[in-house]
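J.: Next come the chains, spelled out residue by residue.
There are 2 protein chains.
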Amino acid sequence: MITIRGGLTAPKGFLAGGVKAGIKVSGRKDLTLLYSEVPAVAAGAFTTNRCKASPVKVSQMHLKGKTHQAIIVNSGNANCANGRTGEKDALDMASKAGKLLGLDKRMVLVASTGIIGRKLPIEKVAKALPGLAAGLSKKAGSDFAEAIMTTDTKKKEFALEITLGDSSVTIGGACKGVGMLYPNMKTDKHATMLAFIATDASISKRMLEESLDEAILNSFNMVSVDGDMSTNDSCFIMANGLAGNKRISNKGSDYKKFTAALKYVAAEMAKMLAGDGEGATKLVEIEVKGAKSVDDARKVARKISTSNLLKCAIFGADPNWGRIVAAAGASGVEFDIDRMDVYLGPVKALSRGAIAKTFEKEKARRFFKGNKIRITVDLNSGPSAAKAWTCDLSKEYVAINSDYST
Amino acid sequence: MITIRGGLTAPKGFLAGGVKAGIKVSGRKDLTLLYSEVPAVAAGAFTTNRCKASPVKVSQMHLKGKTHQAIIVNSGNANCANGRTGEKDALDMASKAGKLLGLDKRMVLVASTGIIGRKLPIEKVAKALPGLAAGLSKKAGSDFAEAIMTTDTKKKEFALEITLGDSSVTIGGACKGVGMLYPNMKTDKHATMLAFIATDASISKRMLEESLDEAILNSFNMVSVDGDMSTNDSCFIMANGLAGNKRISNKGSDYKKFTAALKYVAAEMAKMLAGDGEGATKLVEIEVKGAKSVDDARKVARKISTSNLLKCAIFGADPNWGRIVAAAGASGVEFDIDRMDVYLGPVKALSRGAIAKTFEKEKARRFFKGNKIRITVDLNSGPSAAKAWTCDLSKEYVAINSDYST
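Which chain is which? The protein sequence lines are A and B, in order.
Sequential numbering of the first sequence, starting at 0, is according to numbering that gives the first Met the number 0.
Sequential numbering of the second sequence, starting at 0, is according to numbering that gives the first Met the number 0.
It is worth saying that the hints were derived from the structure and are not from the lab.
C-beta: ideal position from N, C-alpha, C; glycine also.
Hints are supplied without guarantee of correctness; some may be wrong.
Residues from chain B that face chain A, not an exhaustive set, calculated with beta carbons under 7 Å [as the list claims (entries may be wrong)]:
{"no.": "1", "residue": "Thr2"}
{"no.": "2", "residue": "Gly5"}
{"no.": "3", "residue": "Arg49"}
{"no.": "4", "residue": "Cys311"}
{"no.": "5", "residue": "Ser383"}
Non-contacting residues of chain B with respect to chain A, defined by C-beta distances greater than 12 Å in every case (computed) [unchecked claim]:
{"no.": "6", "residue": "Ala52"}
{"no.": "7", "residue": "Lys63"}
{"no.": "8", "residue": "Ser94"}
{"no.": "9", "residue": "Lys394"}
Bound-form chain A, shown alone (with noise of 0.2 Å):
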């Protein structure tokens, strides 16, 4: 497994474009496209929210179809909460799409995200579709990444190589995600958070399904910037079979590496999406160790990850250990205090439901205030664990809030 550079473009055969359509007041890039020179497979997890957007209930649709080509993805308005004519603006796009690149409107993917409850200008989307269209590149995959930003202050792409049997496979992503950021996805359900993989992997669509299933577990799913999960987060994946490698289609040696290579992928980008939370200073990353099981090790890990009042402990660089305690307990998991250690990065503070002999406020106080926080959990339970990733709670976020205007 090599990490290589770029992004959607990585692998063989996808080529991209990024233009400003004029749907965000700020005028910078707002609509993308990923295209596959050959038909993929394609396979999609969505926010599990029952106010669902509209081009989600799209994809949704689309992707009961076998084969898919592309995804047209617009940013500033999350075309949600608007009706049929939502939905009609949603199928609009894929089909407007779809007819410039020569493709049933049914192989092609939507997403959006931006502002809730505002119409969708599907006339800027038809105006700048053709010179989109017309402008698909490799070296326009970073625009890709740049044209899905929100609030986002940097690009977020990610690349990985790796070897099934004689042949290079490669797996690239970009995504998108800084606040209304607490995902919760399923394939065949519903993410804004907006994550868009590309491989040219040989695979089928069933096992493509699977492995990104085990992928999002760990990874997208296990973020969050403020608990507020999005009516838009969509997670796609497309697998092109360039590659030219066996074609995987069972649960064999193949399907592991790959899907290692996949938890990968999704775990550094989940990572990218936490560090660059609205108005994040740092990346938190908590382990939970010694539950029961691992779904009580993701509860009691995410948990803590939507802790405000640690959250601002963090920026504050405030080892205040007792707010972990107290999030981890109103997790609804059960297990047994007396049993429970917590450490602040090296620093043990909790040693079996008491104040560490051991611990030095001062020395968890330096640990605190570098901008990579590792908290661990260990509740001596039983032989799980699992990783959640936030960012902590500063007034910037407080102030892009209450400043993006409606």
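With chain A held as given, fit chain B onto it using these hints.
T.: Same frame as chain A, now just chain B:
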């Protein structure tokens, strides 16, 4: 039902006191006592956090007894995550207070609030107790309300009178809690909100417990400042019978009148908590109606009340109703967005899943500039309703919680 002045000592036979024991670094009042001149029946509801503070465990144990006569409370130290020492100290608080008052320790209930994970300075408690016990009085009811404050900016007291038969019955309360505030309490289980209610009603212990359960469900358990459930939340009620009403021992009309009054007291106290939330500039009331069940309505209302994004928008007076839609959809309750209406105060924003044709953003913004914000969500799917209370999320909240040092 008449609202009257005063708080905990408004009912007959209750005395209180509050002193400076030196537990708080600020040097403010931090030790307080509520005393009934005659034995009272008592009930308590406590946090459902797995990590329960020692005073919670001790109070739960003592509440197994038939009658109680005092509650000793310290602020500045949560006495949580202190292992066995914590429990010994909490018991010590009860027994030392009991000794001075001539009561068995099991007749004394205990509560603590403050920093987690630091040993309770029991010697300071012991030193201050004699003065506290000697100074008990009717007029010191408000000292009690003062001495339980941590980051609260104002004392929270409320009292009212009802008539049962020929007797005038008084219910008075005091509470604190403006951060780590997301109680979910149950009687015989466990919320650092602290609420204390005293009444001179004559009522059986069993009926008092049931009445308290009904009252907290639609009051304290529907308040959120930050979504962080405490290890120490406790709500106590003592009923000493001195009003002389016919003893309430079944769910007849007197029970219903008493419970209606208790619900009113608890709801008024709950609103005081939310309105004084850390850094709060506005009190927010969220009403969900048209739900299939009360439980559904409660879940949707509570989920909306914990949306950081919505709370930031309210701080900025931004009528960003899309954040209400997203939060409602993330509640886990099944409903159809195409039937959903949302009102910002009197202004209809969402109508059957799409923006209301009559929506005037500037009108909504003017409403959001007030300091009491009312949001109504109508799911149009059933007969049930519930209300939740929260406050806006300000830069000051972050300042308070990143500076509030361990």
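J.: Determine for every hint whether it applies to the structure shown.
T.: Tested hints:
| no. | hint | in the structure |
| --- | --- | --- |
| 1 | Thr2 | 34 Å, violated |
| 2 | Gly5 | 33 Å, violated |
| 3 | Arg49 | 4 Å, holds |
| 4 | Cys311 | 3 Å, holds |
| 5 | Ser383 | 17 Å, violated |
| 6 | Ala52 | 9 Å, violated |
| 7 | Lys63 | 22 Å, holds |
| 8 | Ser94 | 22 Å, holds |
| 9 | Lys394 | 4 Å, violated |
Of the numbered hints given earlier, the model fails hints 1, 2, 5, 6 and 9; all others are met.
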